[in-house]
Structure formats: C-alpha cells, structure tokens
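Visitor: So you can see what is in the structure, the chains are spelled out below.
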Amino acid sequence: MSEWWTYSLSDLLLFSPRVYYRLFELHNHELWPAHLLSVAVGLAILYALLRPTIRRLRLVLAAFGVIWIWVAFAFFWQRYATINWAAVYVAPVFVVQGVMLLGTAAFGPVTSAAPEAKLIRFSGAALFALALFAYPVIAPFMGRTSSAAEVFGIAPDPTSLATLAVLAISPSRLRWLLMVIPLAWIAISTLTLLAMDAPEVWIAPVLAITTLVVSRPRDR
Amino acid sequence: MAATRRAFLQGTIAGAGALVIGSARAKSQTQSITTRPIPSTGDQMPVVGLGTWITFNVGNDPELLDECAAVMAAFFEAGGRMIDSSPMYASSQPTVGYGLKKLGYPPQLFSAEKVWTSRGSNGSAQIEQTRAYWGVPRLDLVQVHNLLAWEEHLETLFAMKAEGKIRYVGITTSEGRRHREFERVMATQPIDFIQVTYNVLDREVEARILPLAKERGIGVIINRPFRQKDLIRLVERHPLPSWVAETRSSTWPQFLLKFIISHPAVTCVVPATTRVDHVRENMAAGIGPFPDEALRQRMSEYVRQL
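Here the protein sequences come in this chain order: A and B. For the first sequence, the positions run 443 to 662 when the working numbering is used. For the second sequence, the positions run 161 to 466 when the working numbering is used.
Keep in mind the hints are simulated off the structure, nothing from the lab. Quick caveat: nothing in here was measured; it's all calculated off a predicted structure. One thing to keep in mind: the hints can contain errors.
Simulated restraints on C-beta separations [what the hints assert, rightly or not]:
(1) 476/A with 285/B: 29 to 39 Å
(2) 405/B with 476/A: 52 to 62 Å
(3) 614/A with 343/B: 52 to 62 Å
(4) 394/B with 560/A: 51 to 61 Å
(5) 279/B with 618/A: 36 to 46 Å
(6) 435/B with 495/A: 20 to 30 Å
(7) 636/A with 192/B: 38 to 48 Å
(8) 614/A with 279/B: 40 to 50 Å
Stretch by stretch, here's where chain B covers chain A in the computed footprint (C-beta under 8 Å, at least three residues) [unchecked claim]:
(9) 450-458
(10) 524-538
(11) 589-595
A few chain B residues facing chain A, derived, Cβ under 10 Å [stated by the list, open to error]:
(12) 191
(13) 195
(14) 222
The C-beta atom is built at its ideal place from N, Cα and C for all residues, glycine as well.
Bound-form chain A, shown alone (with noise of 0.2 Å):
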C-alpha cells in the first residue's frame, strides 16, 4: 500500500459494525451446541489452575494448542475471510500458536507452581474464569443479541485472552514466547474495534494488560 501513513484507522475497515457482529451470530448459530463442549474443557482447566500438578498443566497446555488450531480453521479460515481477506494470514499465525502450545505440553519445561505462587495461581484463574464466563456476556449487556456472544474456545478474542491467562500463571520462561501472538492479536483486535466505535474496545487490553501484570512478579 503506497503512502500508508494517509489512511486512519476507518480507512482499513473493510465492513460495518453490523456485518462484523453477525459474524459471530453466524459462527455460533453453526457451531451450536460446540459451546458446550467449549465450557466443558474451561470449567475442566479452571479446575486444573487451581489444582495444578505438572501433568495437568501439560494436559492444559495441550487443550491450548488444539483450540488455537481450531480456531485458526473455523473462525478465521472459514468464517473471518468472508469478510476480510486478511484473515487468511492470521490463520496460520494461529496454527503456529496451537503446535507451539502442543510442543511446549509434550516436551517444555512445565513444572508445577510453587506454594508460595499461590496469589499469582488465583489472580491466573480469575482471569482466565472472567474470558470464560464474563466475556460471553459483553454481547448482551451492549445491547447487541446474545446469540452474537464471543465464546472462548470459539471466538479468538476470549481464546486469546484465557490463554494469556494460563501462561501468566506458567512457571516456565517460556511463557514470555507463548504470549507474543495471544497479545499481537488482541492488538488487532483492539484496532479492529477501535475502528469501529465499538464501546467494548477497552475490555480486551484491561484483561491483557492485568495478565501481564500478574506474569510479572516472578521474574524478579
């Protein structure tokens, strides 16, 4: 794109508002009833936070890298690019994600949190529990359908979120790595909203920012 810096924000928007939230009542309406399936293996790795041992954690991991890997196929191969050919590329940023979770479950150096990591495991779950159950509920309370729900597990953005959750509460270093392309999209994301008006455009960076919060400590 030739003299990028003269385009704003709204200029790279290729749809409406209205045409971005169908989307997702779209998405939904098609995958119905994998939500239950998704709130299954959440309220299963809620679990796993909060009674971690080093094999659950490796089981959670692995429960990351083949959602992102779904999420790659469903929502953006299948259901983003409709409306925006870029989501081709995002595509396979995020199967590149799910086979690093896969290969940091199966041979990273995952060890289980130390006791004294016990507020950090807590705040991890908090967060990861508010991507679960609070963020479906962002649709509805402005205004829009319920059935326009973003859903962890089925929508990126939640999916993002609830994995920078679990790696802020991951001893291994790793984590840092882990969390690059979980920010990067809620990044886009943000501007995707920010574009568009949209009222709920803080909610996604408050929640990223508070994990790397939480991430922090430990590296002291």
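Could you slot chain B onto chain A? The hints should help.
Guide: This is chain B only, laid out in the frame that chain A set:
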C-alpha cells in the same frame, strides 16, 4: 423470470416502508435521472451509480445478501446503471453477483471494476475471477485501483480492450493520493475513465484533474461523496438551507450529491448504501435542476462553516 423479478421488486418496494424524502421525491418519480455521455463512446450514463465499499461486504450472511439485492433492485428501478466494486472490497464482488443473479441480470447494468494486485502478471487472473463473481459475460470497465502497478496493468487492460474482453479502461485514486502521478497517467495514456474523490469539502481535483479530464475526453467517476458518512454526520445536525430549494434538494445527501453532479466534468458519482430508502434518495439527486457555479460556491462555503 420476468414475473419473478417483478414480484421481487414489488416486495422490496413494499418492504422498504413509507419514505419521506419530501415533495421533490414525488416529482422525481415522473422524471428520469439525468445522463451524461461517456466521452470516449457517447454511451449515456446516469449520473448516479452505486458503490459497494464496506456496504456490500457482507460475507455469506443470507439476510444481508438479500438486503444488498434489494438495494440493487431499487437502484435499477430508479434508472441506475453503474455499479462499482473492487477485489479489495472482500466479499463485495460475490454480493454483487448474488444480486445480479437474483434480479435476472438487468440489461442496463454497467459493470465498473478494478484490478488490485501488486504483480502485473496476476492481473488477468484476478480480472477473470472478478468477472466470474459478477456472473457476466464481460466487464464494462476495469480500472487500476489506486494506481497499483499501473504500468503493467494498463498494458493488460488495453490488450483486453482491443480483444473486446472489456469496453473501457480507467485508473483510480482516493482522498487526494498520488495526484501528480495520476495526472501524468491521464496526460500520457489513452484511458476512458478516472475515478477520484470529490465532494463539497474535498475539492482539490477541481484545480487540475477535472479540467484535464475534460480536455482529454476522459470520463470521471466520483468516490467518497459523503466521506464515508462523515459529511452526513457533520451536516445533519443543521437545517437544510432554504436557498437550495431551487435545486430540488430536499435532504442533505441530495444537497451533497447535487454539488458533485453539477460539476460539468463529472460523469457519475457512486455513493454506497445498505438501505433501499437511501438508494432512492440518492437516485433522486440525479434529477435536475442542478446548482449553477454561484450556487455551488455558496453550498461549499455553507458546509465549510458548519
């Protein structure tokens, strides 16, 4: 097929509900939209077309696809011809194709498309994909989008025109970008159309580009007539000045469109909308009378002061 189409059009008209666009609207129904000749052929073109940027990018949403088809039905019903799209507009091209199929491919259609790829060698394949999306035997106009790889694409387009695969060749820009290079292409290449941004506040093209188009016999398509709704948001809080009554502008969008259409170099303006009542309102702006030069200046000054 004709009966089906008539039933569809009647349905969309009824579904649109009561329209209150003012007294000019009633008059407009008995008058035809103004046309201007395409300079290179003399083919008559209605001065209001239909853009598809953002508005027609609805993916595979069945409800929104039908809404776009209803907009197209109202557009053709009001005498429209030119529909403008681009590969850059994501699903807008398949949406146009969906509407055309549903409407039985109205014969008055003038398809205005673009080639938008940085590799000249990909141009032919992209244009063929575009034609397939529209479902038409050939595209009328193909423009080089934002001058991207224009040297290579123009070569391809002129060859396609010579072979009868397209009828017209053009170039586009928007929001005042690369005007100097744009002028150079206009001055040196045998193009039929240019597409530029022009509206009551963005008047830079009046200085050189529109006069050059007139001098070189190049048709002019105008994009972003409302600055993507921003202009309407700016003016709609204020009352429409009474002195525009002589142009039979009864709404702000008509005021804004009549300003553009009244420039003698303009062939067609392509406002985009998702609503049937808005497309009818836009089309009614294509019916004269239009403001003279003194009134145009007054219109521009008035909006500038809001």
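Visitor: Hint compliance check: list the failing hint numbers for this structure, sorted ascending.
Guide: Numbers 6, 11, 12 and 13, in rising order.
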